[in-house]
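> Below are the chains, spelled out letter by letter.
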Amino acid sequence: MKGKILLMLHAHLPYVNHPDHAYFLEENWLFEAITETYIPLLMAFKRLEDDNVPFGITISLSPPLIEMLAEHTLVDKYKRHLESLMELAKKEVDFTKKEPLKHEMALKYLKDFKEEYEFFNKYNGNLLEAFKDAKKSGNVQLITCNATHGFLPMMKINPKAVHAQIAIGVKAFETRMEDHPNGMWLAESGYYPGLDKELAMQDINFFFVDSHGLWYADVPPHYDVYRPVMTPSGVFVFARDPESSEQIWSAQLGYPGDWNYREFYRDVGFDRPFDYIRPYIDPSGVRINTGIKYHKITGNVPLGEKALYDPQMGLQTALTHAKDFVQKKSSQVRRLKEQMDIEPIIVAPFDAELFGHWWYEGPKFLEFFLREASKSDVLESSTPDKVLDSLDDVQILTPAASSWGANGYNETWVNGSNDWIYPHLHEAEERMHELASQYLNASDSLYIRALNMCARELLLAESSDWAFIMTTGTSVEYAVNRTNTHLSRFLEIYDAIKSHNIDEKKIELYEWLDPIFPYIDYRVYA
Amino acid sequence: MMKEEKTIRQLKKEAMLLKIKGYYNMTKSELAEVISRRRMELSKKIRELDKMELDELRKLSREFDLKIPWKSTRNTFIKKVREFLENLKLSGEAEEQRSESPNLSRQNVSSFETEVSQSIEKPSQKISPLPSTYFKDKFFGFEVNPNWIYFYWDFSNKTLDLIKNHLTLTLRVYDVTYIEFNGTNAHRTFEMEIDKNTRKYYIFVPQSGADYIAEIGYKENNRFMPLLRSNLVSTPPSSAKIAQMELWMDLKTRRKFTEMSPSRRVLRIEKLTGLSSMPTSQFKSGGAFFVLSGRRGS
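Chains G and D, in that order, give the protein sequences.
Going by this note's numbering, the residue at position 254 of the first sequence is 254; the numbering climbs one at a time, nothing skipped.
Going by this note's numbering, the residue at position 177 of the second sequence is 177; the numbering climbs one at a time, nothing skipped.
Watch out, some of these pointers could steer you wrong.
Said to hold, decoys possible - Taking lysine to aspartate or glutamate pairs in the DMTMM-like style, the calculated list, with each CA pair at most 25 Å apart, reads:
1. 241(D) x 243(G)
2. 12(D) x 392(G)
3. 256(D) x 310(G)
4. 256(D) x 392(G)
5. 241(D) x 411(G)
6. 337(G) x 175(D)
7. 97(G) x 76(G)
8. 271(D) x 389(G)
9. 256(D) x 411(G)
10. 375(G) x 411(G)
11. 138(D) x 492(G)
12. 219(D) x 175(D)
13. 45(D) x 377(G)
14. 12(D) x 20(G)
Claimed, not checked - One side only, chain D facing chain G, incomplete, derived with CB under 10 Å:
15. 161
16. 220
17. 251
18. 256
Because the hints were derived from the structure by calculation, they are not lab data.
For every residue, glycine included, the Cβ atom is placed at its ideal position computed from N, Cα and C.
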C-alpha cells in the first residue's frame, strides 16, 4: 500500500460585507482571494480532472466564506472589481510595450483575468456551484468549519455558545452546499478535551489537531501523527505533520521565499502615476495593491531594487519545487513505513490563501505536485473519507488541548492586545442563552427576527479573526470596530427584547447590513 | 515614483480640519471615504450658494459657527460662506494636490462623484461604547499556554459594597490536580495582593497539564475571606504521557481491544530551542519567559 498525503486547505475569510458602501477597502480581502486563490485552485482541479489525473485534496470552506460567496451584493461588487482589473490589465499591456518582461506579464494578467471572468460567468457568479462541481469526482473533499470561526478554547465556559458554533457550521454547509459535511476544521485548530463529544453529537466524523495534540494525548499515539486516531466519543482525528509544514512555511527554507517567485509587496497600485492608477485604487485616492505585479523576490534587497519577474522562470521553479516535494514526501514515507510496518498517513494543512494570494505560483505548485504524485509508486494524495474507509482498526485516545497558533496554544487569541473582548463576548453568550431559553416558544415574527439578529451579532463578534488582527497589528482599527459594533448591537437588541420595545426599522437595518445565515434559528442557544 | 499610503494619523487630521463628526473612532477606509464624501458635499454646497435664499445662508453660517453679522446682505453672506467653504475643502488637501496630476480627467471625477453620492443616504449607525462593567459577580480563568493562566473578574454592587473599605484584594490560586477541591486540600496554594481596581491578571503557574482553581477575596485580621471562586482551569500538557496499555477498536466488528504499549516506533524529532549562553539574573523578572519562548531578540 502506498503512503498517503492528505493536503488540507483551509479556506476562510472573516465576514466582511458592507452593503451600505459602494466601495469598502476590506471587502478587497474577499475579491483578492477569489481572483488569486479560489478560482485558480478550482481551475487547477478542473484541469487535473480533464486529464484524468487521480488526486486527493481537502478544502474546508468556512461558513463566513460560504455566506459571502452566496451574497449577491458582494458577488456583483466582485464582478465589477474583476472587470476593472481587466481594464487595468489592458492599459498595462499598452503601457509596458517597451519593456518585454513586463509586457509578457501584462499579457498574462490580461489572459488570466479573462479566463477567470469566463469561469466566474459560467457559474453565473456562484462559485459555490463550482466547488460542488469540484467535489463530484471524489478527488476534492469539502468540509466545514465552526460557524464564524470562533476560537472555541476561549468559549468553553459557555457550552451553549460552543454548541451553536458547531451546529451552525454544520447547518451552513448543509444549506448552501446541499450535503452533510463529514469533517470539520476547528477554527485555528483550537481543540480542548470534551469538544469531540459536541462534534460527535452533530455527526461530524473527523477533525484535525496540531501535532502536539496527539504527542501529549492522554495515551501516547502508537504511530505518532502518522495514522488517524479516534476519541472515546467516536470521532476520528487527523494530526498535522510538522515536516510538511516546515518545508513549505519556513521563512528561510520554505519554497515560497524562492528568489525567482513573484514579489508580493511591489504592485502597480503604488508604482504608477496617480492619474493613471486612480480609477483602480481606493476612491479616496489612497493607493492600494491592485494584484498586478512585475517584480520577483530577487533577494534581501529593498522594494525599489527588485528585479523584474520572469513568468517562465517562476513556473519552472514551481515545477522544480513540486518535484522536490514529491521526493521529500516519498523518502519520508519510506522512512516511516520502515518504522511503522504500515503505510503512513501524512497530514499537511495550510491556509488556502497562502496559495495564490501570498504565494503567486502556489496553485501551480499544487497542480504540479498532484500530477507528479500521481505517478509515484510509494505515495498518493488522498482524502480523509478515503483514508477512513480503508482503516481496519484505530487507536482510541483523547488529544491534548492545542491550536496551530504561535507556540501551539492560545496566546495569539488571548493577550494584552485583545483580552478586553472576552468579558463582553462571554456576557453576550450568557445573555443569548438566557434569551433563547426564555423565548423558546416565541411566535411573534418580530421577536423571532430580533432574536435571530441577536444570534448573528454574537456570532459575528466571536470570529477569531478580530482577536488575531489585534495581535498581529494590521487593520487593528477595523477589527476593534467590528467587535464593538456587533457587541453593541447585540446589547441594544437584547435590551429592546427585554423591554418589549423592538424597533422593526432597526432590525430591518441590521438584517440588511449583516445578512449572514438567513436560515439561522436562535433556539440553537437554548 | 512610489507614493506612500496616507497614514491614519494624516487622515484623522484631515477629518478634524474638515470638521467631520466622530472621526476619531473611524477605520482608515471609513476615514478615507468620509473625507472624500465631505469634499464632494462641500463642492456641491459651493456650487449651490448662488441659488440659496438668505435664510438658508444664515442657517449654513450658523452650522459652521461663522460670525457673520445677522443683517449682512445676501451677497456678503455668499462671499463669506464661499470663502470659508473653499478653505475648509482645501484643508489637508495640499499634500495630495502636489502629487495629483492637474489634468485629472473630468470624466473620472464625475463618475467618482456619482458613486459617492449613491452611498450618502445611509442610515445613521452610531455605535454606543461597551459598558466597563456589567455589575455581575464573575470570575473566569483560561489557560493561555502550559504555564500561564488569564483571569478576569467583575463585581456586583453587593460585592463592591463588601470591599469598599479595602485598598487591595487577594488573589489565590490552588493546584487541585486530581482533587475534589474543598477549599483546604490543594496540593499547593499561591497568593498575591492585587489592586482593587484591577479586573484581569495573567498568572504564571509552575505545572503544565495540571488543574487550577482561583479565589479572589480580601484579608481581614490576616484571614483570607474569599468572595468569588473561578472555574476549573486545566493547563495543557507540554510533554508526552507514559502509558502501559493502549486501547484500540476493530472497525469492522466495532469491538474494543487493548494492547501493551510498545516502545516508541516512530523516531520523533522535536524542535530545539537554545542560546549561546545561559540567561542570567538580569532576566529574572519575566524576561526568562521571553527567552525560553524564543521571542527575545527576534
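> Each hint needs a verdict: does it hold in this structure or not?
Each hint tested on the structure:
1. Taken as a hint, the residue 241(D) and residue 243(G) pair is honoured in the structure, with Cα atoms around 22 Å apart against an allowance of 25 Å.
2. Proposed proximity of residue 12(D) and residue 392(G) is contradicted: the alpha carbons are some 64 Å apart, above 25 Å.
3. Between the alpha carbons of residue 256(D) and residue 310(G) the distance comes to roughly 58 Å, so the proposed pair goes past 25 Å and is violated.
4. For the proposed pair residue 256(D) and residue 392(G), the alpha carbon gap of about 12 Å is at most 25 Å, so the pair holds.
5. For the given pair, residue 241(D) sits about 23 Å from residue 411(G) by alpha-carbon distance, which is consistent with the 25 Å threshold.
6. A threshold of 25 Å between alpha carbons decides the hint, and for residue 337(G) with residue 175(D) the separation of about 43 Å lies outside it, so the pair is violated.
7. Only pairs whose Cα atoms come within 25 Å are accepted, and residue 97(G) paired with residue 76(G) is rejected, the gap being roughly 32 Å.
8. Restraint check for residue 271(D) and residue 389(G): not satisfied, since their Cα atoms lie roughly 33 Å apart, outside the 25 Å limit.
9. For the hint pairing residue 256(D) with residue 411(G), the CA-to-CA distance comes to about 37 Å; that exceeds 25 Å, so the pair is violated.
10. Annotation: proposed proximity of residue 375(G) to residue 411(G) is violated, straight-line Cα distance about 42 Å (limit 25 Å).
11. Only pairs whose Cα atoms come within 25 Å are accepted, and residue 138(D) paired with residue 492(G) is accepted, the gap being roughly 22 Å.
12. The straight-line distance between the Cα atoms of residue 219(D) and residue 175(D) is roughly 21 Å, inside the 25 Å bound, and the hint therefore holds.
13. Our distance criterion of 25 Å between C-alpha atoms is broken by residue 45(D) and residue 377(G), whose separation comes to about 75 Å.
14. Distance check on the hinted pair: residue 12(D) and residue 20(G) sit about 22 Å apart at the alpha-carbon level, within 25 Å; holds.
15. Because the smallest distance between the Cβ of residue 161(D) and any Cβ of chain G comes to about 21 Å, over 10 Å, the interface hint for this residue is violated.
16. Interface hint at residue 220(D): violated, since its Cβ lies 28 Å from the closest Cβ of chain G, which is beyond the 10 Å cut-off.
17. For residue 251(D), the interface hint holds, the least distance from its beta-carbon to any beta-carbon of chain G being 6 Å, beneath 10 Å.
18. With a cut of 10 Å, the hint placing residue 256(D) at the interface with chain G holds, because the nearest CB-to-CB distance is about 7 Å.
Of the hints listed earlier, those the structure fails to meet are numbers 2, 3, 6, 7, 8, 9, 10, 13, 15, 16, in rising order.
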